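Could you build the full structure based on these sequences and the hints that come with them?
Protein chains: 2
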Amino acid sequence: MKYSTIYKDALLGDVLPFWEENSLDLLNGGYFTCLDQKGKVYDNDKFVWLQGRQVWLFSMLYNNLESRETWLGIARSGIEFLKKNARDEQGNFYFSLTCEGRPLIQPYNIFSDCFAAMAFAQYAKASGDHEAADIAKQTYRNILERRRDPKGIYEKSTGVRALKNFTLPMILSNLVLELEPVLQPDQVENTLDTCIDEVMGVFLKKDSGLIYENVNTDGTLNDSFEGRLINPGHGLEAMWFIADIGVRRENVALIRRAKETVLRLLDFGWDDRYGGIFYFMDAKGYPPQQLEHDQKLWWVHLEALVALAKVYQLTECPKIWAWYEKVHQYTWTHFPDPVHGEWFGYLNRQGRPNLTLKGGKWKGCFHVPRALYQCWKTFEKIENKNTV
Amino acid sequence: MKYSTIYKDALLGDVLPFWEENSLDLLNGGYFTCLDQKGKVYDNDKFVWLQGRQVWLFSMLYNNLESRETWLGIARSGIEFLKKNARDEQGNFYFSLTCEGRPLIQPYNIFSDCFAAMAFAQYAKASGDHEAADIAKQTYRNILERRRDPKGIYEKSTGVRALKNFTLPMILSNLVLELEPVLQPDQVENTLDTCIDEVMGVFLKKDSGLIYENVNTDGTLNDSFEGRLINPGHGLEAMWFIADIGVRRENVALIRRAKETVLRLLDFGWDDRYGGIFYFMDAKGYPPQQLEHDQKLWWVHLEALVALAKVYQLTECPKIWAWYEKVHQYTWTHFPDPVHGEWFGYLNRQGRPNLTLKGGKWKGCFHVPRALYQCWKTFEKIENKNTV
Numbered sequence: 095m096k097y098s099t100i101y102k103d104a105l106l107g108d109v110l111p112f113w114e115e116n117s118l119d120l121l122n123g124g125y126f127t128c129l130d131q132k133g134k135v136y137d138n139d140k141f142v143w144l145q146g147r148q149v150w151l152f153s154m155l156y157n158n159l160e161s162r163e164t165w166l167g168i169a170r171s172g173i174e175f176l177k178k179n180a181r182d183e184q185g186n187f188y189f190s191l192t193c194e195g196r197p198l199i200q201p202y203n204i205f206s207d208c209f210a211a212m213a214f215a216q217y218a219k220a221s222g223d224h225e226a227a228d229i230a231k232q233t234y235r236n237i238l239e240r241r242r243d244p245k246g247i248y249e250k251s252t253g254v255r256a257l258k259n260f261t262l263p264m265i266l267s268n269l270v271l272e273l274e275p276v277l278q279p280d281q282v283e284n285t286l287d288t289c290i291d292e293v294m295g296v297f298l299k300k301d302s303g304l305i306y307e308n309v310n311t312d313g314t315l316n317d318s319f320e321g322r323l324i325n326p327g328h329g330l331e332a333m334w335f336i337a338d339i340g341v342r343r344e345n346v347a348l349i350r351r352a353k354e355t356v357l358r359l360l361d362f363g364w365d366d367r368y369g370g371i372f373y374f375m376d377a378k379g380y381p382p383q384q385l386e387h388d389q390k391l392w393w394v395h396l397e398a399l400v401a402l403a404k405v406y407q408l409t410e411c412p413k414i415w416a417w418y419e420k421v422h423q424y425t426w427t428h429f430p431d432p433v434h435g436e437w438f439g440y441l442n443r444q445g446r447p448n449l450t451l452k453g454g455k456w457k458g459c460f461h462v463p464r465a466l467y468q469c470w471k472t473f474e475k476i477e478n479k480n481t482v
Numbered sequence: 095m096k097y098s099t100i101y102k103d104a105l106l107g108d109v110l111p112f113w114e115e116n117s118l119d120l121l122n123g124g125y126f127t128c129l130d131q132k133g134k135v136y137d138n139d140k141f142v143w144l145q146g147r148q149v150w151l152f153s154m155l156y157n158n159l160e161s162r163e164t165w166l167g168i169a170r171s172g173i174e175f176l177k178k179n180a181r182d183e184q185g186n187f188y189f190s191l192t193c194e195g196r197p198l199i200q201p202y203n204i205f206s207d208c209f210a211a212m213a214f215a216q217y218a219k220a221s222g223d224h225e226a227a228d229i230a231k232q233t234y235r236n237i238l239e240r241r242r243d244p245k246g247i248y249e250k251s252t253g254v255r256a257l258k259n260f261t262l263p264m265i266l267s268n269l270v271l272e273l274e275p276v277l278q279p280d281q282v283e284n285t286l287d288t289c290i291d292e293v294m295g296v297f298l299k300k301d302s303g304l305i306y307e308n309v310n311t312d313g314t315l316n317d318s319f320e321g322r323l324i325n326p327g328h329g330l331e332a333m334w335f336i337a338d339i340g341v342r343r344e345n346v347a348l349i350r351r352a353k354e355t356v357l358r359l360l361d362f363g364w365d366d367r368y369g370g371i372f373y374f375m376d377a378k379g380y381p382p383q384q385l386e387h388d389q390k391l392w393w394v395h396l397e398a399l400v401a402l403a404k405v406y407q408l409t410e411c412p413k414i415w416a417w418y419e420k421v422h423q424y425t426w427t428h429f430p431d432p433v434h435g436e437w438f439g440y441l442n443r444q445g446r447p448n449l450t451l452k453g454g455k456w457k458g459c460f461h462v463p464r465a466l467y468q469c470w471k472t473f474e475k476i477e478n479k480n481t482v
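Protein sequences appear in the order of chains F and W. For the first sequence, this note's numbering gives the first residue as 95, with consecutive numbering after it. For the second sequence, this note's numbering gives the first residue as 95, with consecutive numbering after it.
There could be a bad hint or two in this list.
In this list, chains with the same sequence are indistinguishable; a pair is considered to hold if it fits within one copy or across any two.
[Stated by the list, open to error] No farther apart than 25 Å at their CA atoms in a straight line, the calculated lysine to any residue pairs in the SDA-like style are these:
# : residue 1 : residue 2
1 : 134       : 164
2 : 258       : 196
3 : 455       : 307
4 : 455       : 252
5 : 455       : 95
6 : 479       : 283
7 : 132       : 258
8 : 245       : 184
9 : 299       : 478
In short, the hints are calculated from the structure, not lab data. Treat the numbers as computed from the prediction; the structure is a model and nothing was measured.
Okay, structure coming up:
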């Protein structure tokens with residue numbers, strides 16, 4: 095079977111139906127994301143990251159794949175729930191809500207806002223809803239205002255060891271393109287310049303070839319738990335964002351650097367003993383503080399497949415293809431659940447499910463379908479080129 | 095070999111020498127706690143929980159076992175470091191410091207203060223240092239003042255789902271006895287009354303026989319991730335605190351309830367497949383949110399041994415003895431490191447070390463030596479009784 099068909103069938107025949115059948119809160123709007131192995135709801139709290147991401151996913155499919163009314167309706171349900179319940183008086187997005195929409199956890203960081211901005215922008219494009227477009231714009235502006243102090247009063251650091259974190263430039267390098275329809279062109283290009291500088295020039299270090307999660311504010315390395323932390327999945331996800339920017343800008347050198355970084359991160363992050371990519375590592379090989387460091391997570395492997403497929407499509411590098419096949423083999427034999435559908439999220443080091451949930455506080459309707467869609471479309475390009 | 099001898103030999107011949115040789119910061123005072131498998135320092139940040147706990151441990155041994163000057167000197171080094179560096183202007187204890195003593199993480203909870211109070215009180219008793227006694231008293235007062243809102247500005251909950259947490263009444267039931275020399279007698283007894291009511295009457299639920307980590311402020315159960323959370327090791331540790339209070343008050347009924355709870359928690363928390371006690375569980379059997387839920391932690395098993403030994407000494411219950419032997423067998427064959435000494439802290443579900451560190455951000459010189467000391471002295475009582 096063609097690779098594109100594998101991804102298409104999994105997306106349309108397995109993963110989307112699973113979420114369509116099990117996740118909709120028809121009473122309150124929005125989505126249940128805590129789904130057990132069979133898809134049964136085991137907890138009904140609503141996590142704003144995952145509400146926004148599911149809106150985004152169904153809106154994106156409506157915009158890019160097929161204008162199915164059911165998909166737009168699913169997205170609308172989440173948007174209305176978010177509009178009504180998810181913001182505090184300053185327009186910051188809460189972290190979590192009860193299923194009815196009462197706020198549970200305060201806006202203690204700006205990631206809820208990032209995923210909400212993606213959601214409102216894609217939905218605005220799908221629906222023509224001007225209010226959604228305005229909220230996307232306002233939220234993006236709010237993210238930029240808060241970016242120098244994203245945790246605000248919830249920041250526990252004294253500032254004695256001032257670090258900056260990789261996540262925000264990484265997310266922005268994707269988010270700014272999501273928001274492009276509602277932003278000024280020069281704002282988009284300036285932000286992309288900054289993101290490339292930060293991701294490839296500050297957090298990616300030449301000596302090791304690794305991407306660090308935290309560096310000193312002057313960009314130098316910091317020898318502490320936070321400063322030694324490597325999250326290979328994060329780096330791999332960022333590399334396909336960078337490859338997309340490389341295509342947009344026809345920047346071959348940038349694509350080549352993304353390719354080299356993908357190879358290095360996989361070489362560093364691969365578990366030679368049991369297969370799969372580690373979740374957290376210490377750059378110096380010291381014990382990481384995360385007890386789950388050696389687990390194999392669904393999103394890490396899916397983001398790796400997207401990065402490898404895209405970079406292969408752009409470079410036809412044989413080393414990239416060898417890694418694609420290795421990660422494909424591991425991912426497709428370990429994560430999909432052949433009995434109850436959808437994908438397991440959390441495997442132990444040995445590759446067996448540590449938790450059998452299909453969704454929870456962090457896993458929702460996002461990484462699996464987004465990656466399946468991205469790989470499907472990328473392999474179509476690869477296959478069409480080969481048959482020309 | 096007698097059980098008391100096993101514990102005594104491990105304490106005096108292995109564990110204490112490991113920390114005496116590897117953990118002392120002779121330049122700045124205080125202790126390195128991030129020690130790799132061989133005892134080598136891999137990170138020099140100082141975590142106030144662990145600084146306080148190591149002061150407490152060496153002071154306690156000086157007070158109760160033998161007045162060795164080296165032990166008092168080790169404790170003094172930590173006390174001077176804490177006096178000089180560990181408090182903010184309001185007298186709250188930071189969470190962590192650089193090795194030189196500069197504050198890194200703010201006092202975002204009151205647990206640093208709890209372990210500091212224990213440290214200053216035991217050290218005051220050992221040394222006769224009046225300033226240390228005063229700091230112990232002030233810190234205890236500060237803990238009581240902050241207990242209704244222990245996280246202060248760092249609290250992320252909106253209050254819509256107001257929960258109270260088991261940790262504070264559990265710690266207080268032990269802390270108040272540690273502080274007894276510097277408190278008024280009626281304050282001690284009133285606090286003990288409250289702790290017994292909270293631990294045995296609110297967090298311990300009759301229907302399930304389980305101790306819940308979080309309940310609604312009115313004491314009822316809450317059906318959420320937090321409200322369903324069970325930490326068997328926490329409950330087992332609390333049961334030996336309660337057994338100690340039962341002895342102090344000659345309250346046979348209280349000891350009997352502690353015994354029943356120990357049996358229930360072990361029955362619920364034991365991993366029938368691979369052995370050992372799970373770290374986190376969901377009371378309803380749903381997927382817990384902690385990815386490390388199925389790991390086997392050193393302190394859980396050591397606290398279980400202390401609880402079982404103490405309750406057996408008090409009740410001679412055969413079911414308790416059967417559990418003692420089962421937990422003893424698992425613990426002593428999995429946690430001690432026969433090659434480099436001291437104990438592993440973190441095993442995967444299958445019982446193999448997931449991290450080979452001997453100390454880190456959370457594991458220091460505390461649970462292993464405290465439990466070895468407690469079991470040693472408890473088995474002496476059991477063995478002396480049997481030979482009379």
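Consistency of the hints with the structure:
1. 134 with 164: within (21 Å within a copy, 60 Å between copies)
2. 258 with 196: between (32 Å within a copy, 19 Å between copies)
3. 455 with 307: Result: close both inside a copy and across copies, 22 Å intra and 19 Å inter.
4. 455 with 252: Between. Shortest inter-copy distance 18 Å satisfies the 25 Å Cα cut-off; intra-copy 29 Å does not.
5. 455 with 95: neither (35 Å within a copy, 49 Å between copies)
6. 479 with 283: Classified as neither; 30 Å inside a copy, 81 Å across copies.
7. 132 with 258: Neither way: residue 132 and residue 258 sit 40 Å apart in one copy and 32 Å across, limit 25 Å.
8. 245 with 184: Both: 14 Å inside a chain and 23 Å across chains, each within 25 Å.
9. 299 with 478: Neither: 36 Å inside a copy, 64 Å across copies.
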